[in-house]
Amino acid sequence: NAGVMQNPRHLVRRRGQEARLRCSPMKGHSHVYWYRQLPEEGLKFMVYLQKENIIDESGMPKERFSAEFPKEGPSILRIQQVVRGDSAAYFCASSRGIEEGTEAFFGQGTRLTVV
Amino acid sequence: GNSVTQMEGPVTLSEEAFLTINCTYTATGYPSLFWYVQYPGEGLQLLLKATKADDKGSNKGFEATYRKETTSFHLEKGSVQVSDSAVYFCALKTGANNLFFGTGTRLTVIP
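Residue numbers (the numbering used here), protein chains in the order written: chain L, 98 to 212; chain Z, 174 to 284.
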């Protein structure tokens, strides 16, 4: 059973370009969470999705950022018109549910560098 | 609101030394508490967890006890190894699965 798969592992974008980060959850998991880790900081929650629905996007910037988790295919975190401050590691986690004992498993992250 | 405060690093220890990384929390309701470990270039791995007061989580020689009276979840290990060098994150969750993380503590163990 493969773990949470994120790609690409490393992404370099020039200011103003778009970044698309992909996350394939573990088999059987329908809940996906995106986190951002700035250098030397902890992870900050961005958005929580359950198949085709955004459940909680309270941690996601209102502009330029969007997330989706379509019925088929991976979850996508999209950052439009990237700026230097978007440089960070973006981690995806997935879980089977939200009940106690349904642990969230993390991917290896995508490290975005904006030049 | 929910927040986690953990001991700032970096922490450098000699092999076989005793480790304590402090973690305290503020939460609405009754959170579950976690320690995650991040090895260089990797994602986070769950190290241990506790879901209610006085529970002790343990794994790979690491332990942490959920102390409601002091709102703490300190991580301990009796004898660290070089392979334990990593960043350790304390986290909590209430309700849905979105976790609140501390800022992380970098541990370096030298031979």
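If you're looking for bench data, these hints aren't it; they were derived computationally from the structure.
Don't take each hint at face value.
Taking lysine-lysine and the DSBU-like style, the derived pairs with C-alpha atoms no more than 35 Å apart in a straight line are [to be verified]:
| hint | chain 1 | residue 1 | chain 2 | residue 2 |
| --- | --- | --- | --- | --- |
| 1 | L | Lys141 | Z | Lys229 |
| 2 | Z | Lys250 | Z | Lys222 |
| 3 | Z | Lys250 | Z | Lys225 |
| 4 | L | Lys124 | Z | Lys222 |
Label-pair distances were calculated between CB atoms; the ranges are [what the hints assert, rightly or not]:
| hint | chain 1 | residue 1 | chain 2 | residue 2 | range |
| --- | --- | --- | --- | --- | --- |
| 5 | L | Leu135 | Z | Asp228 | 29 to 35 Å |
| 6 | L | Gln177 | Z | Glu189 | 47 to 53 Å |
| 7 | Z | Ser176 | L | Lys159 | 20 to 26 Å |
| 8 | Z | Pro183 | L | His107 | 22 to 28 Å |
| 9 | L | Ile152 | Z | Gly174 | 17 to 23 Å |
| 10 | L | Gly125 | Z | Ser252 | 35 to 41 Å |
| 11 | L | Ile151 | Z | Ser252 | 42 to 48 Å |
| 12 | L | Arg111 | Z | Leu186 | 18 to 24 Å |
| 13 | L | Gln147 | Z | Glu215 | 34 to 40 Å |
| 14 | L | Lys124 | Z | Thr224 | 23 to 29 Å |
Far from chain L, by Cβ distances over 10 Å, these chain Z residues were calculated [said to hold, decoys possible]:
| hint | residue |
| --- | --- |
| 15 | Thr185 |
| 16 | Thr193 |
| 17 | Asn195 |
| 18 | Glu215 |
| 19 | Lys222 |
| 20 | Tyr239 |
| 21 | Thr244 |
| 22 | Lys250 |
| 23 | Asp257 |
| 24 | Asn271 |
| 25 | Phe273 |
| 26 | Thr276 |
| 27 | Val282 |
| 28 | Ile283 |
Every residue, glycine too, gets a C-beta built ideally from N, C-alpha and C.
The hints, checked one at a time:
1. Lys141(L) x Lys229(Z): holds (26 Å)
2. Lys250(Z) x Lys222(Z): holds (15 Å)
3. Lys250(Z) x Lys225(Z): Judged against 35 Å, a Cα distance of about 21 Å means the pair holds.
4. Lys124(L) x Lys222(Z): Measuring from Cα to Cα gives roughly 23 Å; hence the hint holds.
5. Leu135(L) x Asp228(Z): 29 to 35 Å: Once the Cβ atoms are compared, 31 Å apart, the range 29 to 35 Å for Asp228(Z) and Leu135(L) holds.
6. Gln177(L) x Glu189(Z): 47 to 53 Å: holds (51 Å)
7. Ser176(Z) x Lys159(L): 20 to 26 Å: Once the Cβ atoms are compared, 22 Å apart, the range 20 to 26 Å for Lys159(L) and Ser176(Z) holds.
8. Pro183(Z) x His107(L): 22 to 28 Å: holds (25 Å)
9. Ile152(L) x Gly174(Z): 17 to 23 Å: Hint holds: Cβ distance 19 Å, inside 17 to 23 Å.
10. Gly125(L) x Ser252(Z): 35 to 41 Å: holds (38 Å)
11. Ile151(L) x Ser252(Z): 42 to 48 Å: Distance hint for Ile151(L), Ser252(Z) holds at roughly 46 Å.
12. Arg111(L) x Leu186(Z): 18 to 24 Å: Hint violated: Cβ distance 42 Å, outside 18 to 24 Å.
13. Gln147(L) x Glu215(Z): 34 to 40 Å: violated (26 Å)
14. Lys124(L) x Thr224(Z): 23 to 29 Å: Holds, since Lys124(L) and Thr224(Z) (Cβ atoms, about 25 Å apart) stay within the stated range.
15. Thr185: Label holds. Min Cβ-Cβ 16 Å, cutoff 10 Å.
16. Thr193: holds (19 Å)
17. Asn195: holds (15 Å)
18. Glu215: Violated, because the least Cβ-Cβ distance between Glu215(Z) and chain L comes to about 6 Å, which does not exceed 10 Å.
19. Lys222: Given a closest Cβ separation of 8 Å, the condition is violated.
20. Tyr239: holds (14 Å)
21. Thr244: Fine: 18 Å to the nearest Cβ keeps Thr244(Z) off the interface.
22. Lys250: Correct as stated: the minimum Cβ-Cβ distance to chain L is 21 Å, above 10 Å.
23. Asp257: holds (19 Å)
24. Asn271: Non-interface label on Asn271(Z) violated, nearest chain L Cβ at 5 Å vs cutoff 10 Å.
25. Phe273: violated (7 Å)
26. Thr276: At about 4 Å from chain L, Thr276(Z) fails to clear the 10 Å cut-off, so the statement is violated.
27. Val282: holds (20 Å)
28. Ile283: holds (21 Å)
Checked against the numbered hints above, the structure violates hints 12, 13, 18, 19, 24, 25, 26; every other hint is satisfied.
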